[in-house]
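**Q** Just so you know, the protein sequences line up as chains A and B, in that order. For the record, in the first sequence the residue sitting at position 28 is 506 according to my numbering, with numbers rising by one throughout. For the record, in the second sequence the residue sitting at position 304 is 445 according to my numbering, with numbers rising by one throughout.
Just so you know, the hints here were simulated from the structure itself, not pulled from any lab data. What you were told as hints is all true, and nothing was included just to trick you.
Some chain A residues judged to face chain B by a derived CB distance under 8 Å, without partners named:
| no. | residue |
| --- | --- |
| 1 | V614 |
| 2 | I645 |
| 3 | T684 |
Calculated pairs, EDC-like style, for lysine to aspartate or glutamate (alpha carbon to alpha carbon, straight line, at most 20 Å):
| no. | chain 1 | residue 1 | chain 2 | residue 2 |
| --- | --- | --- | --- | --- |
| 4 | B | K598 | A | D662 |
| 5 | A | K590 | B | E464 |
| 6 | B | K598 | A | D659 |
| 7 | B | K595 | A | D662 |
| 8 | B | K598 | A | D667 |
| 9 | B | K598 | A | D663 |
Even glycine gets a Cβ: it sits at the ideal position worked out from N, Cα and C.
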Amino acid sequence: MSAAAHSDAVLQVEHLSMRFGGLVAVNDLSFQAREGEITALIGPNGAGKTTVFNCITGFYKPSQGRIALRHGTPEAWADLDALTQSDSRFRRGADGALFLLERMPDYQVTQKARVARTFQNIRMFPGMTVLENLMVAQHNALMLASGFSLLGLFGIASYRRAEEGAIDKARYWLERTALLDRADDPAGDLPYGAQRRLEIARAMCTDPVLLCLDEPAAGLNARESAELNELLRAIRAEHGTSILLIEHDMTVVMEISDHVIVLDYGEKISDGTPREVRDDQKVVAAYLGVEDDEVEEVEAEVGL
Amino acid sequence: MATEASTDAAPAPTEPSAVARSLKDAVLAGLLALGLFLPLIGFQTVTNMRNELVLETRWPLLATIVATIIAGRFVYTLFVYPWLAARAVRPASLRYRLDTKTDEKRITWKTWATLLAAGFVAAYPAMVMVIGGGQGALKWIDNFGIQILIYVMLGWGLNIVVGLAGLLDLGYVAFYAVGAYSYALLAKTFGFSFWLLLPLAGILASFWGLLLGFPVLRLRGDYLAIVTLAFGEIIRMVLINWVPVTNGYAGISGIPRPTFFGLPFNASDEGFAAYFGLEFSPIHRTIFLYYVILALALLTAYVTVRLRRLPVGRAWEALREDEIACRSLGINTTNTKLTAFAIGAMFGGFAGAFFAARQGFISPESFTFMESAIIVAIVVLGGMGSQIGVAIAAVVMIGGTEIMRDLDFLKAIFGSGFDPTQYRMLLFGLAMVLIMIWRPRGLIATRSPSVFLKTRKEVSGSLVREGHG
Chain A
479 MSAAAHSDAV
489 LQVEHLSMRF
499 GGLVAVNDLS
509 FQAREGEITA
519 LIGPNGAGKT
529 TVFNCITGFY
539 KPSQGRIALR
549 HGTPEAWADL
559 DALTQSDSRF
569 RRGADGALFL
579 LERMPDYQVT
589 QKARVARTFQ
599 NIRMFPGMTV
609 LENLMVAQHN
619 ALMLASGFSL
629 LGLFGIASYR
639 RAEEGAIDKA
649 RYWLERTALL
659 DRADDPAGDL
669 PYGAQRRLEI
679 ARAMCTDPVL
689 LCLDEPAAGL
699 NARESAELNE
709 LLRAIRAEHG
719 TSILLIEHDM
729 TVVMEISDHV
739 IVLDYGEKIS
749 DGTPREVRDD
759 QKVVAAYLGV
769 EDDEVEEVEA
779 EVGL
Chain B
142 MATEASTDAA
152 PAPTEPSAVA
162 RSLKDAVLAG
172 LLALGLFLPL
182 IGFQTVTNMR
192 NELVLETRWP
202 LLATIVATII
212 AGRFVYTLFV
222 YPWLAARAVR
232 PASLRYRLDT
242 KTDEKRITWK
252 TWATLLAAGF
262 VAAYPAMVMV
272 IGGGQGALKW
282 IDNFGIQILI
292 YVMLGWGLNI
302 VVGLAGLLDL
312 GYVAFYAVGA
322 YSYALLAKTF
332 GFSFWLLLPL
342 AGILASFWGL
352 LLGFPVLRLR
362 GDYLAIVTLA
372 FGEIIRMVLI
382 NWVPVTNGYA
392 GISGIPRPTF
402 FGLPFNASDE
412 GFAAYFGLEF
422 SPIHRTIFLY
432 YVILALALLT
442 AYVTVRLRRL
452 PVGRAWEALR
462 EDEIACRSLG
472 INTTNTKLTA
482 FAIGAMFGGF
492 AGAFFAARQG
502 FISPESFTFM
512 ESAIIVAIVV
522 LGGMGSQIGV
532 AIAAVVMIGG
542 TEIMRDLDFL
552 KAIFGSGFDP
562 TQYRMLLFGL
572 AMVLIMIWRP
582 RGLIATRSPS
592 VFLKTRKEVS
602 GSLVREGHG
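All chains should be modelled from the sequences, with the hints used to inform the complete structure.
**A** What follows is the structure, given as C-alpha cells:
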C-alpha cells in the first residue's frame with residue numbers, strides 16, 4: 479500500500495487472523511483507526527472484539543496479519559514495507575516512528591509504541607491507593623529518572639523532581655476524572671463507576687498515542703456514561719489521543735464515535751460513520767441474529 | 142447471658158442449667174482427650190539397663206492434661222463462649238468506632254514506640270551486661286540478640302520476595318546457605334577478610350537468586366512454591382554430596398572469625414582487648430557481632446523502605462496486586478520478578494556470610510527446609526509486607542524458642558524427664574493456628590501507602606492481595 483492510502487491513519491490493521499486451535503476468533507480483519515478520532519469496535523457477544531484488542535496490545539500473538547502504528551507525521555508510513563521486510567519491531571525516522579505491534583511483547587506495546595488499554599473486567603491494584611495506581615502507570619519514566627533504582631536509592635535530587643512531576647501529572651488526571659478527593663484511598667474501596675474512571679486515568683498516565691478502551695461504559699448508569707462521553711471527548715480534543723473502543727452501549731457509540739467498525743463471527747461486516755452503520759442491514763441482522771433476507775420479516779415482527 | 146438466652150427461648154422447667162450443660166460438655170471433652178492421649182502420652186517405651194524396650198506408663202502426666210482440658214473446656218463453655226457470643230451481636234459502631242483521633246496523635250505514639258525500640262536494641266548488650274554480667278550476658282546476647290536479629294534480617298529479606306512481590310518462595314534458606322558457604326570457602330581458601338567477602342557473598346547469593354528466578358518466571362502460586370522448595374533442597378543436596386569442596390555432612394570448621402577492622406578478638410598482644418587496654422573476654426567479639434548483625438538488619442530495612450518508594454518497589458507491589466494490569470502499563474514483569482528474587486537473595490546471602498563468621502562452623506544441617514519454613518512463617522505471622530510485623534514475629538518465634546530452653550521450673554511440675562524444647566514445634570503450630578484465627582492477615586495487616594497527596598491513610602489488609610506467583 480502506498481503512503482497516501484494510510485494518510486491520516488494512526489493504527490493500521492491488515493489481514494488480522496487469530497485462531498485458537500480449530501476456532502477462528504478473528505478472520506482476515508482489516509481496518510484503520512484515524513488520528514485524533516474515536517473509533518468504535520462493536521459487534522454481538524463473541525464477535526471477537528476483545529481478541530482484536532488483545533492482538534493490538536500484544537497480549538495475544540496473532541496467527542496472521544500486520545498491525546502497524548505510527549507516531550509523528552503521516553509521512554512515517556512510507557517506511558512500512560521496509561520495516562516489514564526487516565526483522566526489527568520498530569523504526570524511528572525524521573518524520574516519526576513506525577511500530578509493528580504483532581512483533582512486540584505486551585509491555586513493549588505500552589512502553590515503546592505507547593498504546594494504553596483498559597480491561598473489560600476492571601484490573602486495578604486494589605490494595606494500593608488511587609495515587610499509587612497512577613504512579614505505577616508512570617513506571618518506565620520514573621525508572622529511568624531513578625537511574626534504575628541505583629540513584630533513587632540515594633535520594634538524588636533529579637529523581638525527586640521527576641517524582642514530583644509524576645505526582646503532578648497524576649493529580650491532573652485525578653482532577654479530570656473527578657477522583658482527586660479519593661486520591662489517598664485504596665483503589666479497591668472505590669465504587670464501580672469510579673474504578674472505571676481510575677482505569678482510564680491510569681491508562682492516560684502512560685502518555686498514550688492510542689488509547690484502547692474495552693467496554694468503558696459497562697455497568698455505568700446514564701449520568702455516569704454521559705460523564706464518560708465528556709471525558710473521552712476532552713481526551714481527544716485536548717490531548718490529541720486517538721481512541722479505539724469496544725462498546726455495547728449504543729448511545730455512547732453513536733454519540734461520541736467518529737468511525738464505527740462492526741464485527742460478527744470474527745469478520746468485519748460494516749465500516750463507516752455511526753449513521754451509515756446504524757442503517758446497514760447486515761448490522762441489524764447480526765444484532766438480531768438472523769440471516770440478511772429475513773431481516774424485514776423480523777423487523778416487522780418486533781415492530782421496528 | 143447464656144442462661145438468660147436459654148431461659149427466654151425455652152422456658153420449660155426440664156432445661157438443664159448452664160453449669161450442668163457446661164459440666165457435661167467438659168466431661169465429654171475430657172473423655173475425648175483421654176481416648177486421644179492415652180496411647181500418645183499415657184504410654185511410653187523406654188530402653189532399660191539391659192537394652193530392652195519396656196513399656197512405661199505416665200498416668201500423672203495424662204491425668205494433668207485431661208484435667209486441664211476438662212477445666213479449660215468448662216470455663217470456655219460457661220464464660221468465654223457466652224461472652225464472645227454477646228460481643229458478636231453488639232452493634233458494629235461500638236466495636237469499630239469511627240476513628241476520630243487525629244493522625245498526628247497516632248504518629249507521635251508511633252514515633253515514641255520506634256524511638257523506644259531503637260534505644261532498647263542499641264543498648265541491649267550494655268543492659269544485659271549490667272543485669273546478667275559475664276557468662277550470663279554472653280548467652281543473652283548470643284542466643285537472643287544475635288539469633289533473633291539473624292532471623293529478623295532473613296525475614297526482612299524474604300519479605301521483599303513474598304510480602305512485596307507476592308512470590309511465595311519456600312527455598313529461601315538456599316541463599317542463606319550460598320552466603321554461608323561462599324564466606325566459609327573463600328575465607329578459608331584465599332584468606333579474604335569478612336568485610337570483603339560480605340558483599341561478595343551477597344552478590345553470589347543474588348546470582349543464585351537470578352538463576353532460580355529464570356525457570357520459575359512463568360509459574361504461579363502452588364507451582365512456584367513447589368519449585369522454590371525443590372531449589373532449596375537441591376542446594377542442600379549439592380552441599381551434602383559435593384564432598385571435595387563442601388566436605389559433605391561433616392561441614393566446614395575453622396572458618397576465620399571476623400576481626401575488629403583488622404584487630405582479632407583473641408588474647409594475643411595484637412588483639413582487640415590488648416589494643417584498647419581491656420582484659421580479654423570472649424564477650425567483646427559477641428558484642429561486636431551483635432552490632433554487625435544489627436547494622437546489617439537495619440541496612441536491609443532501610444533499603445527495603447527506600448525501594449518501596451522507588452518505581453521498582455511500586456512495581457513489585459503492583460505485580461502482587463495484578464500482573465496483567467502491570468504488563469498493560471508497560472512494566473517488564475520479567476525484570477521486576479528477577480530483581481525481587483535477586484535483592485531478596487542478596488540479603489539472605491549477607492545473613493549467611495554473617496552466620497558462618499559467627500559460628501565458625503557450618504554444615505548442611507543448618508540449612509534444612511525447616512529453616513525456610515520458619516522464615517516464611519515469620520513473614521506470614523508478621524503480616525506480609527510489614528517490616529515491624531516481621532520483626533515482632535521473629536522476636537516472638539525465635540525468642541520464644543530460646544526461652545523454652547530456660548524454663549527449668551516446668552520440670553518441677555511435669556517431672557524431671559520433661560524437656561520444654563521438645564514442645565517447641567507444638568507451640569509453633571499453636572501460635573500459627575491462633576494467628577490464623579484472630580489475625581488472618583498477620584500481626585500487622587495494614588499496608589502503608591508509598592506516596593500520598595494529603596494524608597497517609599493505611600490500606601486495610603482485606604484489600605491487599607497476597608499475590609499469586
